[in-house]
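Asks: Given next are the chains, with one letter for each unit.
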Amino acid sequence: MFSSVIWVILGMGVVTYVPRMLPLVAIKAEGVPPFLQGVLKNVPFAVLGALIFPAIFTIQSGSLLHITWDDFFFGLIGGAMAFIASYLEWNIIFVVLSAIFVLTVYSLIL
Amino acid sequence: MLSYQTPVKKSARIFTDGVKAGIPIAIGYMPIALTFGLIARTTGLTFMDAVGMSVFVYAGASQFMALQMLAAETGAIEIIIATFIVNIRHFLMSASINERTVERSRWKKAAMAFGITDETFSVASLNRDKIEAAFMGGLILMSYGSWVVFSGLGYVIGASLPEVLQKSMSIALYAMFIGLVVPSLKKERKALALFILSAILCSVFSLFIPFGWAIVAATLISSVTIEWAYGLLMKKEGEAHV
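Heads up: the protein sequence lines correspond to chains A and B, in order.
Heads up: the first sequence is residues 0 to 109, going by numbering that gives the first Met the number 0.
Heads up: the second sequence is residues 0 to 241, going by numbering that gives the first Met the number 0.
Any given hint might turn out to be false.
[Claimed, not checked] Quick list of the computed label-pair ranges, beta carbon to beta carbon: (1) B:Ile80 x A:Leu107: 42 to 48 Å; (2) A:Asn90 x B:Met47: 36 to 42 Å; (3) B:Met233 x A:Val31: 15 to 21 Å; (4) A:Val24 x B:Val54: 18 to 24 Å; (5) B:Arg188 x A:Leu87: 36 to 42 Å; (6) A:Ile108 x B:Gly144: 32 to 38 Å.
[What the hints assert, rightly or not] Mimicking DSS-like on lysine-lysine, the simulated pairs with C-alpha atoms at most 25 Å apart in a straight line are: (7) A:Lys40 x B:Lys129; (8) B:Lys129 x A:Lys27; (9) A:Lys40 x B:Lys234; (10) B:Lys189 x A:Lys40; (11) A:Lys40 x A:Lys27; (12) B:Lys189 x B:Lys234; (13) B:Lys186 x B:Lys235; (14) A:Lys27 x B:Lys107; (15) B:Lys166 x B:Lys8.
Rather than coming from a laboratory, the hints here were simulated on the basis of the structure.
The beta-carbon is built from N, C-alpha and C at its ideal position, and this holds for glycine as well.
With these hints in hand, go ahead and build the complete structure from the sequences.
Replies: And the structure:
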């Protein structure tokens, strides 16, 4: 059925690798203007905002357009646990495990 | 203390730091990779194709999308274009790492570029002031290893974790993102402003455009706007002090 899947995979590999590689290999860090340097240093905090919201509320449904209450509460409870644990500056492993634990308990009693 | 250590010892220690920092990613990838292997099998891919995709592409969202498209008998070119669009966000992450890395060798940079994902980027950016190739090496060993191994296991076992655990473990990567960013949000108001603005923008954009673009647009707009606003603020404060 999928005799050509390997070519799809290699094509996917190339178009995924090139954007990952180009800036690191082609941009000279010393040549970047100061304003742009500042922008690039902002990227991690902005990326994290965009990676967490709205996705944490749509783990099952995949989109805000299809969000369910179950989805919403799941993200809210897990996210709240992770927030409290990281606000208390727990080790990141325990932040992750505590969120998993709370949601396991939540799923079992539901 | 530091000055007495030989360079080899020091980079071995940095590599170990990377391995340790990769543990939450390895945990978080497990349920997703198992599911990927399982769905790849039910989609009709061979074991080699399923594992090969994780080995050569190594980008979760686009791999799931490719399975859907293969199942729908979509053409190769369309799958490859869609993959490019979903993964273009790594361009921004790579540019940001380039700004922070102390690595000068292009070959090492090209090698560590392969391992840039949402997760490795976030961990490296928030754990290190200067991102070393040795740290990325340890981090990528854990995350890539987990992704590839559990993709294969999911295929072979033909099942994922028990349902309750599978579901609750789907929070793992988000919990990790939160755990990484909250300490900085507590300390730096600029980080908090960036985080909130980008979260709001991404939520709004996600209603209209695919998530790959929503992340890129939200990140770019907030990074530029906040940098510009802080520039103005600093200038104003500077004038006030004169």
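Asks: Between B:Arg188 and A:Leu87, is the Cβ distance one that fits in 36 to 42 Å?
Replies: violated, 20 Å
Asks: Are B:Ile80 and A:Leu107 spaced within 42 to 48 Å by their CB atoms?
Replies: holds, 43 Å
Asks: Just tell me: holds or violated, for the beta carbon distance of A:Asn90 and B:Met47 against 36 to 42 Å?
Replies: holds, 39 Å
Asks: So if I understand the rule, the pair passes when the alpha-carbon distance is 25 Å or less; does B:Lys189 with B:Lys234 pass?
Replies: Judged against 25 Å, a Cα distance of about 16 Å means the pair holds.
Asks: Keeping to a limit of 25 Å between CA atoms, is the pair of A:Lys40 and B:Lys234 held or broken?
Replies: Judged against 25 Å, a Cα distance of about 19 Å means the pair holds.
Asks: Take a quick look at whether A:Lys27 and B:Lys107 sit within 25 Å of each other, Cα to Cα.
Replies: Satisfied, since the Cα-Cα distance of roughly 15 Å is no more than 25 Å.
Asks: Is B:Lys186 within 25 Å of B:Lys235, Cα to Cα?
Replies: holds, 22 Å
Asks: Are B:Lys129 and A:Lys27 close enough, with their CA atoms no more than 25 Å apart?
Replies: Distance of about 16 Å is within 25 Å: holds.
Asks: Per the hint of 32 to 38 Å, is the separation of the Cβ atoms of A:Ile108 and B:Gly144 within bounds?
Replies: holds, 35 Å
Asks: Please verify whether B:Lys189 and A:Lys40 have alpha carbons no more than 25 Å apart.
Replies: Holds, at roughly 11 Å.
Asks: Using the beta carbons of A:Val24 and B:Val54, state whether their distance is inside 18 to 24 Å or not.
Replies: holds, 21 Å
Asks: Has the given pair, A:Lys40 with B:Lys129, been kept, meaning a C-alpha gap of at most 25 Å?
Replies: holds, 12 Å
Checked against the numbered hints given earlier, this structure breaks hints 5 and 15; the rest are met.
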